[in-house]
Amino acid sequence: NKTPKYGNDDAVADRTIETLCEMLFTIIEGRRTPKGATYHVNYLSTTCHVYFGSVTGATPDGRRAWTPVSDGISPAHGADRHGPTAVIKSAAHMDHARSSGTLLNQKFTPQLLEGEEGIDKLASLVRSYFKLDGHHIQFNVVTADTLRKAKAHPEQYRDLIVRVAGYSDYFCDLTPALQDEIIARTEQTAF
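Residue numbers (this note's numbering): 1 to 191.
A few of these clues could be false.
[Unchecked claim] As a list, the in silico SDA-like pairs of lysine to any residue whose alpha-carbon atoms are at most 20 Å apart:
(1) Lys5 with Arg63
(2) Lys149 with Ile161
(3) Lys121 with Gly134
(4) Lys89 with Asp145
(5) Lys121 with Ala177
(6) Lys89 with Lys149
(7) Lys89 with Ile161
(8) Lys89 with Leu103
(9) Lys149 with Lys5
[Unchecked claim] Pair ranges (Cβ atoms, derived):
(10) Arg31 with Asp173: 34 to 44 Å
(11) Pro110 with Arg31: 42 to 52 Å
(12) Pro154 with Arg127: 17 to 27 Å
(13) Glu117 with Thr26: 41 to 51 Å
Honestly, the hints are just simulated from the structure, not real lab data.
Positions of the beta carbon are idealized from the N, C-alpha and C atoms, including for glycine.
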């Protein structure tokens with residue numbers, strides 16, 4: 001668990017991501033399927049990350065066996081410890097234009113976005129991500145505590161909508177595994 005982690009603007013981890021993305025692109029992009037279609041690289045899990053994790057053993061980064069893998073290009077849960085600016089700087093090391101799509105999730109506490117200053121900081125973060133050639137970033141503005149309460153008492157939170165992975169849904173309508181995955185996402189408390 002002491003290895004540099006993607007999502008922290010760490011040069012070693014970010015070079016590893018660049019290398020991995022280049023390898024995937026070289027191996028997959030443009031190849032033909034058995035039925036003649038063409039494979040393309042994308043980094044959009046759209047909830048498959050929960051299933052993939054359920055059939056994947058422990059990984060060298062400290063992820064426990066049978067737990068969700070990271071969603072899209074989002075850092076592994078709890079690995080991103082230097083705030084959302086470090087996350088977007090790490091994500092910018094991928095060549096988004098060469099993929100068929102990328103997806104980056106971020107979860108903020110409501111207090112982080114309070115007032116004009118909070119909204120301005122969020123706008124600056126999004127603009128910076130796009131200036132770094134990032135393509136898709138989405139947010140949940142909710143605390144893990146609120147999500148845990150919604151899971152325990154869904155009748156009180158029927159109108160709670162969350163961003164899942166490329167789409168939004170009512171939190172209470174999600175599977176328990178997907179609810180737990182959204183609860184476990186790193187909760188950003190500062191820019």
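- Query: Given a hinted range of 34 to 44 Å, is it respected by the beta-carbon distance of Arg31 and Asp173?
  - Reply: holds (37 Å)
- For the pair we were handed, Lys89 and Ile161, check the Cα-Cα distance against 20 Å. Outside the cut-off at roughly 28 Å; violated.
- Message: Does Ile161 sit within 20 Å of Lys149, going by the straight-line distance between their CA atoms?
- Response: holds (14 Å)
- In this structure, is the beta-carbon distance linking Glu117 and Thr26 contained in 41 to 51 Å? Given about 44 Å between the Cβ atoms, the range holds.
- Message: With the threshold set at 20 Å, check whether the alpha-carbon distance from Lys121 to Gly134 stays at or below it.
- Response: Roughly 17 Å between the alpha carbons, so the hint for Lys121 and Gly134 holds.
- Query: Is Lys5 within 20 Å of Arg63, Cα to Cα?
  - Reply: holds (12 Å)
- Query: Under the criterion that the straight-line Cα-Cα distance not exceed 20 Å, is the pair Lys149, Lys5 satisfied?
  - Reply: Given that 20 Å is the threshold and the Cα spacing comes to 30 Å, the pair is violated.
- Decide if the proposed pair is consistent with the structure: Lys89 and Lys149, CA atoms, cutoff 20 Å inclusive. violated (33 Å)
- Holds or violated: Lys89 with Asp145, Cα cutoff 20 Å? Between Lys89 and Asp145 the Cα gap is close to 28 Å, so the pair fails against 20 Å, i.e. violated.
- Are Lys89 and Leu103 close enough, with their CA atoms no more than 20 Å apart? Status holds; Cα separation ~14 Å.
- Task: Kindly confirm whether 42 to 52 Å is satisfied by the beta carbon distance between Pro110 and Arg31.
- Result: holds (45 Å)
- Message: Given a hint of 17 to 27 Å, does the C-beta separation of Pro154 and Arg127 actually sit inside it?
- Response: violated (36 Å)
In the structure shown, a violation is registered for the earlier hints numbered 4, 5, 6, 7, 9, 12, in ascending order.
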